[in-house]
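Chains as they are written, first to last, in the numbering used here: chain A, 1 to 315; chain B, 1 to 424; chain C, 1 to 177.
Treat the hints loosely; a few may be bogus.
[Said to hold, decoys possible] Listed below are the simulated DSS-like cross-link pairs for lysine-lysine, each with C-alpha atoms no more than 30 Å apart in a straight line: (1) Lys-126(C) / Lys-148(A); (2) Lys-86(C) / Lys-150(A); (3) Lys-91(A) / Lys-387(B); (4) Lys-395(B) / Lys-91(A); (5) Lys-234(B) / Lys-91(A); (6) Lys-126(C) / Lys-38(A); (7) Lys-59(C) / Lys-4(A).
[As the list claims (entries may be wrong)] Computed beta-carbon distance windows for the label pairs: (8) Asp-293(B) / Tyr-208(A): 26 to 34 Å; (9) Gly-182(A) / Glu-382(B): 45 to 53 Å; (10) Lys-101(A) / Lys-165(C): 44 to 52 Å.
It is worth saying that the hints were derived from the structure and are not from the lab.
Just so it is clear, CB atoms sit at the ideal spot from N, CA and C, and this is done for glycine as well.
The residues making up each chain are set out below.
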Amino acid sequence: MEWKHKHLLTIEQLSKEDIEYILETAVSFKEISVRSVKKVPTLRGKTIVNFFCEPSTRTRMSFELAAKRLSADMLNVVSSSSSLSKGESLKDTARNIEAMKVDMIIIRHSMPGSAQLLADCVSCSVINAGDGPHEHPTQGLLDAYTIKEKKGRIQGLKVLIVGDIAHSRVARSNIWTLKKLGADVTVVGPSTLIPAEIEKMGVNVSYYLDEEIPKADVINILRIQRERQDRNFFPTLREYIQLFGVSEARLKNAKKDLLIMHPGPANRGVEIDPAVADGPYSVILDQVTNGIAVRMAVLYLVSSVGSSKKVKMKS
Amino acid sequence: MTCLIKNVTVVDPKNKIHGTMDVLVKDGKIADVKKGLQTDGDVVEGKGRVLVPGLVDMHVHLREPGCEGAETIDSGCRAAAKGGFTGVACMPNTTPPIDSAGTVRYILEKAKSSACRVFPVGTISKERAGKELAPFGELIENGVYGFTDDGSGVMDSGLMRRALEYSKMFNKALMPHEEDELLSAHGAMHEGGVSTRLGIPGIPRAAEECMMERDIRLVKCFGGRLHITHVSTKGGVEIIRQAKAEGLPVTGESAPHYWTLFDKDVNFNTNFKMYPPLRTPEDGEAIIEGLKDGTLDAIVTDHAPHAEANKDVEYNVAAFGIIGLETSLGLVLTTLYHKKILDLEAIIERMSYGPCRILGVENQGIAKGADAHLTLIDLEKEWIVKKEEIVSKSKNSPFIGWSLKGQVVGTMVNGIWTYQINDD
Amino acid sequence: MKQINGLDKKGIQRLLVRMAHEIVEQNEDVDNLAIIGIQTGGAHLATRMIGVLKDITGKELPLGILDISLYRDDFAELGEGHPQLKATDIPFDVGGKDIILVDDVLFTGRTIRAALDAIVDFGRPKVIQLAVLVDRGHREFPIKADFVGKNIPTSLQQEIYVRLKEEADDGVFLIEK
Numbered sequence: 001m002e003w004k005h006k007h008l009l010t011i012e013q014l015s016k017e018d019i020e021y022i023l024e025t026a027v028s029f030k031e032i033s034v035r036s037v038k039k040v041p042t043l044r045g046k047t048i049v050n051f052f053c054e055p056s057t058r059t060r061m062s063f064e065l066a067a068k069r070l071s072a073d074m075l076n077v078v079s080s081s082s083s084l085s086k087g088e089s090l091k092d093t094a095r096n097i098e099a100m101k102v103d104m105i106i107i108r109h110s111m112p113g114s115a116q117l118l119a120d121c122v123s124c125s126v127i128n129a130g131d132g133p134h135e136h137p138t139q140g141l142l143d144a145y146t147i148k149e150k151k152g153r154i155q156g157l158k159v160l161i162v163g164d165i166a167h168s169r170v171a172r173s174n175i176w177t178l179k180k181l182g183a184d185v186t187v188v189g190p191s192t193l194i195p196a197e198i199e200k201m202g203v204n205v206s207y208y209l210d211e212e213i214p215k216a217d218v219i220n221i222l223r224i225q226r227e228r229q230d231r232n233f234f235p236t237l238r239e240y241i242q243l244f245g246v247s248e249a250r251l252k253n254a255k256k257d258l259l260i261m262h263p264g265p266a267n268r269g270v271e272i273d274p275a276v277a278d279g280p281y282s283v284i285l286d287q288v289t290n291g292i293a294v295r296m297a298v299l300y301l302v303s304s305v306g307s308s309k310k311v312k313m314k315s
Numbered sequence: 001m002t003c004l005i006k007n008v009t010v011v012d013p014k015n016k017i018h019g020t021m022d023v024l025v026k027d028g029k030i031a032d033v034k035k036g037l038q039t040d041g042d043v044v045e046g047k048g049r050v051l052v053p054g055l056v057d058m059h060v061h062l063r064e065p066g067c068e069g070a071e072t073i074d075s076g077c078r079a080a081a082k083g084g085f086t087g088v089a090c091m092p093n094t095t096p097p098i099d100s101a102g103t104v105r106y107i108l109e110k111a112k113s114s115a116c117r118v119f120p121v122g123t124i125s126k127e128r129a130g131k132e133l134a135p136f137g138e139l140i141e142n143g144v145y146g147f148t149d150d151g152s153g154v155m156d157s158g159l160m161r162r163a164l165e166y167s168k169m170f171n172k173a174l175m176p177h178e179e180d181e182l183l184s185a186h187g188a189m190h191e192g193g194v195s196t197r198l199g200i201p202g203i204p205r206a207a208e209e210c211m212m213e214r215d216i217r218l219v220k221c222f223g224g225r226l227h228i229t230h231v232s233t234k235g236g237v238e239i240i241r242q243a244k245a246e247g248l249p250v251t252g253e254s255a256p257h258y259w260t261l262f263d264k265d266v267n268f269n270t271n272f273k274m275y276p277p278l279r280t281p282e283d284g285e286a287i288i289e290g291l292k293d294g295t296l297d298a299i300v301t302d303h304a305p306h307a308e309a310n311k312d313v314e315y316n317v318a319a320f321g322i323i324g325l326e327t328s329l330g331l332v333l334t335t336l337y338h339k340k341i342l343d344l345e346a347i348i349e350r351m352s353y354g355p356c357r358i359l360g361v362e363n364q365g366i367a368k369g370a371d372a373h374l375t376l377i378d379l380e381k382e383w384i385v386k387k388e389e390i391v392s393k394s395k396n397s398p399f400i401g402w403s404l405k406g407q408v409v410g411t412m413v414n415g416i417w418t419y420q421i422n423d424d
Numbered sequence: 001m002k003q004i005n006g007l008d009k010k011g012i013q014r015l016l017v018r019m020a021h022e023i024v025e026q027n028e029d030v031d032n033l034a035i036i037g038i039q040t041g042g043a044h045l046a047t048r049m050i051g052v053l054k055d056i057t058g059k060e061l062p063l064g065i066l067d068i069s070l071y072r073d074d075f076a077e078l079g080e081g082h083p084q085l086k087a088t089d090i091p092f093d094v095g096g097k098d099i100i101l102v103d104d105v106l107f108t109g110r111t112i113r114a115a116l117d118a119i120v121d122f123g124r125p126k127v128i129q130l131a132v133l134v135d136r137g138h139r140e141f142p143i144k145a146d147f148v149g150k151n152i153p154t155s156l157q158q159e160i161y162v163r164l165k166e167e168a169d170d171g172v173f174l175i176e177k
């Protein structure tokens, strides 16, 4: 297997083999985080910029730890302190960052396609850490890693993705990853938050959570944003909880080895009951742990392609 | 000034000509049309070429006044002439908008020295704000050819009713931009499987179809003449077909990108972003059908130049619109004429007589005594759309790199060549 | 590719047994010994070494497996492609231990340099000793093996290939490039 991607922009662009290779590579990285010295020298001398134009704690920390455990130098650029708020365009900012000779930019941005836009205008590697509702590839990968770790396989599993599918990059990256690995994916949510023609992505659609739960091997619960209520996607949070909130009572007919996942940060008591989030089915914290290993694998693989230019210039 | 175009294939459905002859132009008029003409003046060899009544694009944004960085009346008209157009109707979403006599006069003054005729279209509402009626009488007196708030839908149904009623006194068409902005809110491309995949907020077909149905109902109840701009959906074509079947004074237009490009082509490329958005191949087929059966009266470009700074940004925040003047005829010939979907007569109808009729511009075609507005075409010439050859000040074309068959070789306005291709 | 005289399955086993005796001879505190094999050849040899040492001492020593890919000093120059990672599994605390590091071929010494860095990241061993099946010379770092199965002088145009039964029939081969 040869890794050929200079950037990681979407899961859609990856083959099944690419995805499996990342997951295999991540296995080797997981062990590093439990050593007393949680660091290997692999990316020593590489500079990686965490360019976050949208609030994020978990993903930013996870990438930062991944980079640091590989000995890369990591710089955080956060939108509120960056010049984006001064009207400088994304491209300008990116070109300025690049002019400081960085090896990789990890970007989180509210606009779909922004990671692609960046990759088209800079010569360093670009990793998409979430571009609007489009994709969040490392989340899709770490969710698949966690499922595979717990279940031993992904092929043939029945996975529910529950909640605001329309605005969710996590949903899209999960759908691509899981479909490519052979899972049976059903999206569940209010009909207003199921986007047009999503069946074309190869998923089933259901509006009835209770009918789906007993068949599920995995339930991935998406964060519901309260702002959606203001635009009439659902009338009240109370009604949302009644129809789609995942509670202990709802799980009474669930399979015994069900996995409950959530990309975080969870609205406890809204889309997920605290008893479920902390309950026996929950692998939410495993997702967080695995996130670092998966991101280390991604940084490792992507930088192996990104460095090729320099070598060619030398010779 | 005299010019003789010799041995050219003249095609003009109005004057029922389709054959090789000579056309003599003298002092801005067509002096004669027959075989074996002689002149002491200039001679243009027309052998192997087709001469048609001057094309008119009734939906163009010239951006002046206000946005001269993207286009000016001069540059837009030169682009139009290169595209074979002898006249363009310019939309009023300028700064200031065309809602007063002063702005109309400013445009017409600038247009006097330009490469094609300019037919200004006034706003429906003052300041194009959708609240109060614009002074139609004053605008017509100064030279507008219709009314639209193009760029924005008229969300106020009461205002639209009054506009239609008021326009009856002047016999000018209302040419609204059909968009229910509450349905299209935040949208940046066609709502469907592709927008879902890309995570780009969608613009449903209903955003334009609901407004079309409202406006047609208003015409039915309150009168007025309605021209429906830039139809992009199968449903839209059907709505106009129904209205025409009922005998209502409703016409429609569409643009080449709506049957040559589709939502699947978008892929975050901002040169594929416009309103209405690129739809699906099924919609494209319905539009072609509408052009064939006459449901759609005009082929336009909705030429919408934008400075690079407004396009070279994230897709969702990029400006809506693409340029089209220089590729329109090439696309029509390549995708409709050479594929035997429309004959030249039908194309001339949709690109010359139809638009003139809707705007109320006299067009006598290629006849003795008529004003000499002519387009000379090489139907078989194959060419590639190149960015560096674009005359428009803006280069936001999704067709760059396309190979087209059929090219304009000359454009004559009032007896003067405003564009001629180099023959080497 | 030609097999080195005497280094077939039996020959390799003989070298291992001899090295095991030397290890026991030089390390009185057998209980404090642990074996770490470098992926992949060294890991196979280390597994066998554990067996041989058990036969000699009656004790099952702890076994660790180490992949040094992440510690390579040529990562930045690899360009397209990169080492495919294999498992690292050191299931005991290396702190205070007498570590026997096992590899198949000792050449430039760069692999051993990387392995030493890696082991130190797991803790602070009391001693690290190096055992290799073949020493082919051409050191680029000041590294020397404590236990050598066989010295095989080579030219830089040659390669040494140690095939162990985990892959196919055992043997040590000389390859002319």
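Each hint tested on the structure:
1. Lys-126(C) / Lys-148(A): Status violated; Cα separation ~39 Å.
2. Lys-86(C) / Lys-150(A): holds, 21 Å
3. Lys-91(A) / Lys-387(B): holds, 22 Å
4. Lys-395(B) / Lys-91(A): It holds: about 19 Å lies between the C-alpha atoms, which stays within 30 Å.
5. Lys-234(B) / Lys-91(A): It is violated: about 38 Å lies between the C-alpha atoms, which goes past 30 Å.
6. Lys-126(C) / Lys-38(A): At roughly 21 Å apart (the allowed maximum being 30 Å), Lys-38(A) and Lys-126(C) satisfy the hint.
7. Lys-59(C) / Lys-4(A): violated, 47 Å
8. Asp-293(B) / Tyr-208(A): 26 to 34 Å: violated, 45 Å
9. Gly-182(A) / Glu-382(B): 45 to 53 Å: Holds: the Cβ-Cβ distance is about 47 Å, inside 45 to 53 Å.
10. Lys-101(A) / Lys-165(C): 44 to 52 Å: Distance hint for Lys-101(A), Lys-165(C) holds at roughly 50 Å.
The structure fails hints 1, 5, 7 and 8 (numbered hints given earlier, in ascending order).
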